[in-house]
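Asker: First to last, the sequence lines map onto chains A and B.
Using this note's numbering, the letters of the first sequence map in sequence onto residues 1 to 312.
Using this note's numbering, the letters of the second sequence map in sequence onto residues 1 to 790.
It is worth saying that the hints were derived from the structure and are not from the lab.
Among the clues, some could well be false.
Said to hold, decoys possible - Straight-line C-alpha distance at most 27 angstroms; calculated BS3-like pairs for lysine-lysine:
#1 B:K147 x A:K210
#2 A:K288 x B:K75
#3 A:K228 x B:K330
#4 B:K627 x A:K289
#5 B:K75 x A:K291
#6 B:K627 x B:K199
#7 A:K291 x B:K63
#8 B:K779 x A:K289
#9 B:K63 x A:K288
#10 A:K213 x B:K207
#11 A:K210 x B:K142
#12 B:K147 x B:K199
#13 B:K147 x A:K228
#14 A:K249 x B:K252
#15 B:K142 x A:K291
#16 B:K770 x B:K694
#17 B:K142 x A:K228
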Amino acid sequence: MSLSKSSLSLLLFILNMSTIALSDGLNLTALHSADKLKQIPSLNRAAAAVVVNSPMFKPAVEPIFSLNLLSSFPEDLEISDYCKELLNIFGQRYVAYVSCLVPAARPVTVCQKCFSSFGSLREAYANISSESGPGNVSCSESLLRGDRLMVVNQLNTSLEELWTSSACDNCVTKGLQRLTNDTLYFMNTLNQTDDCFDKYRQGNHTELCKNCKSTYQELNELYGRMEKNQTMCIDIEDSMNMTRRLWSKYYNCSVPREETVPVIAVSSFMLFLPIIFYLSSFLHSEQKKRKLIHPKRAKSYTSLMNIQDKLG
Amino acid sequence: MANITKKVSWSSRADESGATGEGTPLLNGSEQPRHSRQIGRLSTVDLEEEITSEEDSLRGRPKEIPHNEKLLSLKFESLDYDNIENQLFLEEERRMSYMGFRCLEISRWVVCGLIGFLTGLIACFIDIAVEELAGFKYQVVKENIEKFTEVGGLSISLILWAVLNSAIVMIGAIIVAFFEPIAAGSGIPQIKCYLNGVKIPRVVRLKTLVVKVCGVICSVVGGLAVGKEGPMIHSGAVVAAGVSQGRSTSLKRDFKIFEYFRRDTEKRDFVSAGAAAGVSAAFGAPVGGVLFSLEEGASFWNQMLTWRIFFASMISTFTLNFFLSIYHNKTGDLSSPGLINFGRFESDSVAYNLYEIPLFIAMGAIGGLLGALFNVLNYWLTIFRIRYVHRPCLQVMEAMLVAAVTATVSFTMIYFSNDCQPLGPEHTEEYPLQLFCADGEYNSMATAFFNTPERSVRSLFHNQPDTYNPLTLGLFTLTYFFLACWTYGLAVSAGVFIPSLLIGAAWGRLFGRLLAAITSSGSIWADPGKYALIGAAAQLGGIVRMTLSLTVIMVEATGNVTYGLPIMLVLMTAKIVGDYFVEGLYDIHIKLQSVPFLHWEAPATSHWLTAREVMSSPVTCLNRIEKVGTIVDTLSNTSTNHNGFPVVVQVTGSDEPAKLCGLILRSQLIVLLKHKVFVELARSRLTQRKLQLKDFRDAYPRFPPIQSIHVSQDERECMMDLTEFMNATPYTVPQETSLPRVFKLFRALGLRHLVVVDDENRVVGLVTRKDLARYHLGKHGLEELQLAQT
């Protein structure tokens, strides 16, 4: 927790720095209208009040602020309190989501366990990136695109990528409310299979193979259907993989290679056919002969003599 | 002298067999023996003796020998690439306006565009048909295998697969063997000959195209070790020959357009464009197509032609991409490359380093060796096939057997393979077979065998480094090598590009894996996909021995210029090593078909041969004003079947051969006879329309045989004036001209007949393609090929 705190404060520091740089640039180029410049301090004050009200961040933020150069800049160029608050909320939810993800890494249950926290993270980010806030001020400019590092943006992008590659959208309903019925049904079937495995785990595995085959196959077919419909997420894939590995490798229930003899027999028969074919066509087919034609040539005795002269 | 001691033999020395006597029993010429195959090895002592013994042997036994590579077939004739500058031609040219010539130029471009478009369409059709049908077949077999894996009875699946393959291949083989044998194989040797100036019968007909396209679909769907790329070149050439004529003789439709292009010279240019368009559609390589046409095909070239051919290639690639994008539901996406898609190489595996260059060169040498082995094996097989498997039904049976065995071998390989790999996330494997693998894994041998060859190539290039284990790759290389070698030359239309690439990709990948295994930390640079590509290039180069065009094709097909240098080095090495042992596959097949093919240069050490020795003599000449009866008799003499006749003016009161004043072709004479252009008739009927060049073009290219032209007894007595129609300025050489000189003239100008004259311009002989093509440099010095009836 302390780690995340300090990283957050670092983040804030960087954000502040960048905001300063940005405002500075704006000042220099004098593109900003005077009205807008006046607006900023009032908003800042409001946001500062919010910050004070959140006790959790106060101690962590304070020492760093005292160290950095920010205090020497006019208050106008700081980010508004409102935006700070948004940033805080984003930070909290980010931490919550990450701390949910890590324990769910193996076996993979990231979709089932963390979809709600991802939903709230997404909401927080959406608030930041939305163009309209109270007082018609947008934080996206200062928080998301204020500097070249774009920490908030990058953090969010990496988690979004994680979400996309886990394909969790396939297992969760549209508004990230709950798991889909398909997923629940699959989990249910999976549990049945696991129960069956547990039941016969002791003793002979052939017993297990025989008795659990029907449930396992049902699961397998269900999985096959879901694969075709593209309604799978990483949780389902992973749990299925584990179950399959259990079934095939651990309990050794794969189909054995049994019919070696017939296969060899048939293939050697097939391989024998061309030999017969070529032998018989060699022996029985009449060889194709070519009739030679003799072209007419000049009476070239003299030239023959010439050749001999040349060769001699 | 070894001339008559050696009899029939299989070997390359078969040319020394007894049939060396020369005589012309069929003609009025004297039976003058010609004494040697090994021209340079004479001694004066036994010259006389030898001649007599040969003459005896000549009469003693029939001149029949088994087919071998040192023959020239009589059935091949030359194309008339030299323009016939007779008076009609000059007249037409004079009549033509400036605009007329501009229109001609524009219509050349239009024709090239059409060629590209139609070739692209055909490629698209083949691609889609193969994909759909093969998909259906593999689905059926896969379901069957899955069903029987559990309950037992996999041998039934094996039989099902073999029977399906044989049945499909049977259709392909039947249409080829019974309807159009010329459509067999890749067609590249045939097109090469055509562009060299040899008229291969029926090679650019519509029927050939139809058989070719259907045949190639059948053979690829039938699971043979073949590709559909080679036939595309032939298809493109046929399209070109058809479109440029503005009519189809087979369908008896004449659109009355492009009439100016109805002669061999123009057609040749379009056929080169068609071949290029075919390559470019097949590999998505427009520049490669142009260079292929330049390197392998066209023996004649000019700059404007290059630009037009490039245009045709571009249009062809574009068309294919456009229609495939519709098929793949991505309408308008033009970036998907040709028939074979090598896929894109990712940027991190692209890198190669200086220390890898020797490795690449070594791989090139391996490719050359393996290619030479492939060619030698295929050479013996082809000779056997020509000699013993020449009946169509036997050919069909053979093709079916090959198909069945291919399926069997593949099945056995898959069955006994223990190489199981987890299914990839993006499912590049179209038809994964699980068989005895754990659930969630698939048999990796099946991705190589249970797939269309070009998909296998792609997975060898791009799958994860550990997808195939070394044993799988080794076995696959070995079996596929022999299967491909066995398959090429069957009576099915199919190409050798993809199988070669596949063999090479397999051992290249193996090479890469072994490298990664030896060098402990080398897994970064020893990317198997990269070595698979290099191996594929090496193997293909070793078999077909193309350099320039193949480099560009590979670069274009992978869309990666970075590999240009390694591929170039590899192909050079492969060619050098391979040429040390044996020629390229296409050249071997050209030789085995006894085609009088003229290479770039006359054989070395032939300067001492003069036109006098090379030429055919005596020559059947016609007078400038000749009796119709004489002409008809000359033309209908089946034993000679000459195509060009020097026209002479008799010096009054002299027995000497008359002086040369022109050259006329059989086709021209036939048109003249058909239109009855006789002096007497012209006098009596003044209104008769004057014969125009158009009349000759209308008869082109299938001039009627002389037998179909009826000449009455009265007409036989008429006279025919050839002055207007003959080529008044044929190329001539003096008797003392050396063979290389004659050869150069003949080859560079694309001549069909070259008249040999003495110092008083009297005809002494005639040099044709067969007279020149029969000399070649063998292991024992200059050797001579024999003419044979095939």
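Asker: Each hint should be assessed against the structure and marked as holding or not.
Answerer: To see whether the hints hold, each was checked on the structure:
no., hint, result
1, B:K147 x A:K210, "holds, 18 angstroms"
2, A:K288 x B:K75, "holds, 16 angstroms"
3, A:K228 x B:K330, "holds, 21 angstroms"
4, B:K627 x A:K289, "violated, 40 angstroms"
5, B:K75 x A:K291, "holds, 12 angstroms"
6, B:K627 x B:K199, "violated, 30 angstroms"
7, A:K291 x B:K63, "holds, 6 angstroms"
8, B:K779 x A:K289, "holds, 25 angstroms"
9, B:K63 x A:K288, "holds, 13 angstroms"
10, A:K213 x B:K207, "violated, 58 angstroms"
11, A:K210 x B:K142, "holds, 25 angstroms"
12, B:K147 x B:K199, "violated, 54 angstroms"
13, B:K147 x A:K228, "holds, 19 angstroms"
14, A:K249 x B:K252, "violated, 69 angstroms"
15, B:K142 x A:K291, "violated, 52 angstroms"
16, B:K770 x B:K694, "violated, 30 angstroms"
17, B:K142 x A:K228, "holds, 17 angstroms"
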